[in-house]
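With these hints in hand, go ahead and build the complete structure from the sequences.
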Amino acid sequence: MYTQALLFLPLIGFGLSALLLGTARRQQAILKTIALIGFLAIAAAAALAGPETGSLLQGPTLFGSPLTFGLTDLSWYFVLMVAGISLLTVFFSIGALRESGSYPMYYAWLFAKVFGMFGVVLARDLLSFFIMWEIMSWATYFVMQQGRQEARTAALGYLVYAIVAGMVLLGGVIMLRQSTGSFDFGAISAAIKGYSLGATIVALVLILVPMLIESAVYPVHGWLPDSYASTETSITAYLSSISTRIGVYGVVLFVFVIFGIKVIDSVGFSSHLNLRSILLVLAALTAVLPTYTALFQHDAKRLVTWHSIGQGGYMLLGLATASTLGTAGGLFHIFNHLTYVSLIVFSIAAVEYRTGTTNLNKLGGLIVKQPVAFLGMLFGIIGLAGIPPMNGFVSKWFIYRSLILGGYPFIALAAFIATVGTIMSVYKLIHNMFLGQLPERYDNVKEVGFWMQVPILILMAVVLVTGIFPGLILQWVARIQTIMGISPIAYTLTGVQSSAGDLNMAVVSAVFISCIVVAAVIFLIGGKRRIVSQYDNYAAGHFLSKDVPYNFNYHFYSAFEHIFDPLYQAAPVKTTERNLGRLVSITGDYIRRFFTGQINTYAAYYVAAIIVVLVILKGVL
Amino acid sequence: MNSGLGLIVWIIAYPFVSFFLGVLLGGYGRKFTARIQRRVGPSWIQPFYDVIKLMSKKTNVSHGYMHDVAMMMLVGGTLLTMYFVPVPGFHYFSQFGDYIVIMYVMLVAPLGMALGVGQTANPNGSIGIARALEMLAGYEVTFVLTFIGMAMKNGTTSMYDLMLAQQAGGMATWAIVTDPLLGIAALFALQGMMNEKPFEVIVAPHEIATGPMTEMGGKYLGMMFIQHLINLVVELTIYMNLFLGGALNWFEYVIKLFVLFTLVMSVNAVYGRFRTDSALRFYWKLPLPMAALGVIGIMIRGI
Amino acid sequence: MADTELTQRGAWNKVIANLKKRSLWMLHYCTGCGAVELPPTMTSRFDMERFGIMPMVTPRQADILLITGYLSVKTLKRVILIYEQMVAPKYVVGFGSCTINGGMYWNSYSTIKSLDQYLPVELFLAGCMPRPEAIVTGFNALIDRIDRGEANSWEDYYKNYDFYHKNQLHAFGEIETHHDIKSDGRYFGIAEAQR
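Residue numbers (the working numbering), protein chains in the order written: chain C, 1 to 621; chain D, 622 to 924; chain Y, 925 to 1119.
Simulated from the structure, these hints should not be mistaken for lab results.
C-beta atoms are modelled at their ideal positions from N, C-alpha and C, and glycine is treated no differently.
A couple of the hints might just be wrong.
To be verified - Computed footprint of chain Y on chain D, listed as stretches where at least three residues anywhere in the stretch have a Cβ under 8 Å from a Cβ of chain Y:
#1 649 to 659
#2 662 to 673
#3 825 to 832
As the list claims (entries may be wrong) - Only part of the chain D face toward chain C is listed, based on derived beta-carbon distances under 7 Å:
#4 Lys679
#5 Met692
#6 Ile748
#7 Leu754
#8 Glu755
#9 Leu869
Unchecked claim - Straight-line distance between alpha carbons at most 25 Å, and here's what the computed DMTMM-like set of lysine to aspartate or glutamate pairs gives:
#10 D:Lys652 - Y:Asp1040
#11 Y:Lys1083 - C:Asp536
#12 D:Lys679 - Y:Asp1040
#13 D:Lys679 - Y:Asp1104
#14 Y:Lys1001 - Y:Asp1068
#15 C:Lys362 - C:Glu440
#16 Y:Lys998 - Y:Asp1086
#17 D:Lys679 - Y:Asp1071
#18 Y:Lys1090 - Y:Asp1071
Encoded structure:
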């Protein structure tokens, strides 16, 4: 019954919010209340739906088979994450969206998108999966195009990729239906075991490519940075955290559950060029290249969205190893990424709310003005960089171990290179925003209000607690691994116990705290200290004043820029996209010439068409 | 020293022992450099005097609470790394965290310092931190590749187990002898990790006014010195455990520390400072391919 | 200048002073021509580092401020800023005759003639300019003063700030240093001298 609630509540919410559009323009509070109650109810339903795993719901019949929905352990993991982050986003948006009501359909589209995402993860047959996938893609487009003018153009870029993905997926759905005669996952799974290698490859490519497009894997990642960075910042947080991960759900579902785990090794041309190695290489490229592109960005949102792509690469790395530790790491990373990326973007949104900009070259020194946002971003970047005791470290530990001990040293090195890039770019983010000199124009910036602080504080607590006690999330991960056909991870509340070595986050954190206490004691033994103004600073004898900026923000990593600028300019994916776009517009330009707008040409076309048809029918030349 | 009362006594004494060793190493380094320059040089325990002088300053200057907390994170992070690195007779914490934990925990201290330096609002400090993070992409990547090679070869990521594997057959089983490419590449990386010339660009005194240390005075600089001294010991021990077979007793440990440090200081005494991009290009042209060849060698020979 | 505080110095302070004196860092700031004698003092022949004396880059890190030679009014402004940025205990060493009585530039309109009107000076080194042997002797004298606990001229700046400030205003007018000496003195518990 809660599963049905999960599907109906968002629909009702969408309907209500859309119908009340008129009142909304005058009274934002009504919409906000509906949204808050609706998402609270959805979160409650998600939490309570756990015991219903395994039951099936039958929907209306289409094309000869009923649409089936049902909860599995894998679905419930995603349902919980979607419900949780949606609730926090709504909370945050209530504070962040100003009263001018510039996005009247904001909450309605959020409801629609949640409906689509729930539908995708709850679908138990291929047709409902496809229908819900399309609904989700379109809802994402509508959610994404809320923003300034560039958001609308960038969202169209996403739409092109989403439509291509949808059509390829349709091809896969049709092919599987034709060859197995059914849409049901179970039947397809049984039938695929008997396919020839060629058929399996075709089916896999048709199904996997849309999932990879949705997860923004290199080289099909081009849509993500522009579209996510131009939209409203609360939406950026929401999209970066969970929206792209539905693609990862697809990968797990199809590659491991439906096609079966053996396909990772068997599909391919040799033991060195099979699905596993292709996925590993693609994932490694996804992890490294976007992370180093993020270094050069001077817009905070763009920096973080490039990171989202990179972290998706980590998840795929973990999953592609198909080992206990690796898949556990990949699945856990989905949860971790959700927590810290939304935390970082919420902090950016808090700063943007008060200062009006996310341009890293203009901000600085806001740590004294917005300490809560600073702490939120600090926890977020420690999690993103994967430093203990935050949760990002645990999933990265799993992934590294599985890669090193699994015999993929250069992939493990690529993962570490990505970590170095991550540390560099997140430090630039926090330094340019919160550290350094406070410009005079931000002297009156205040901390953000209650509605915006609460999600930041909650996420900070989650990042820390799941870092020290990863077992809380690993229990779900272990259940998912059983579905995937992998032996579940031997987790404990504070880490992992395995024959190849343990990890105990509680001990690491305890030693961490004690060492800091010892250092604090040493510090306090020293003499008294006075806090001085930022203008009382070493400037080689120069007198500092408010009107002279004494700050290092531009070209933060100039040595890297020096080395990598030629490569960055060449950017193969961007160049290909641009050239494809040019090709399309040139072709369109020629095709346009057919439509002359004059009646004689159209009459001539009509006559020519009749002649052609007669020739074909009568065989007359 | 691994259980019971001995463990508790050692956990309390370990920071002091490390600090003492660090002071000796630092003083030895300065004396050695002085002798190369045909000078007498300061006292053998000169760093101790420096630290006492700094911590006894009376009017310390801070730029904010993050500045204070950062100094605690700096020393705390290095102490945390110290506890997880096995030394002769003490490896209690190795069962709770392996080298990957050490690798990441080693990043806590620089991150803390970077945040504190950020709050001092001095662009020289920010430039120093930017350079330090850029250098990470040079030496740390090389060092991690050598570690990956060793871990793959021995099938474990625990530093204690890697150490034991090398002690099995005396000097012939030391990693630097069985995998010289990896060992030598890691030596290059060690020079960068310890921020000694020619990879000293983060401190560049004449160019960016000592980088991160610009606005640190009094006890803040004292904490940085304490961290630097303990860090000397920790980093040399890490290299020793991974490539020189660790040490079976404290005598051997101290000898190896000083021999390794002499090598590092010898290079430091005769070289100038590479620019950041020159240093990065150097790392990617010589030590990193060396380490990659070593890893490929392991893959072909071993598993 | 022995006062009754000295005899009451506890054993702890004596030990700390004995250790502190072995590590003195001078600010690498060359104000005038006397600075040319510093490189010989630092290098192999006279080796200042064996006393623990090392050049350091920024005022926050340094203990000794060497005013090497003549001090023009323009430089005096910067020197005051730097001196106030230094962390106590700090020692100003007047280096060369120009700091004592104007030296060779006794007749100039733009240099100051007597350094201790503007800053509390710990030690003067006479000479034009003092050779490295004289510098080493001077530094050893400073080390002895620190050991005996007499090197407290830095407190004098807080105690008699009005005197120094009046002279500074007369020399170059008002400067904006972004801190208040009197409130710092109160914060660190250095009592103002009773008139």
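I'd like to know which numbered hints this structure contradicts. Please list them from smallest to largest. 9, 10, 14, 18
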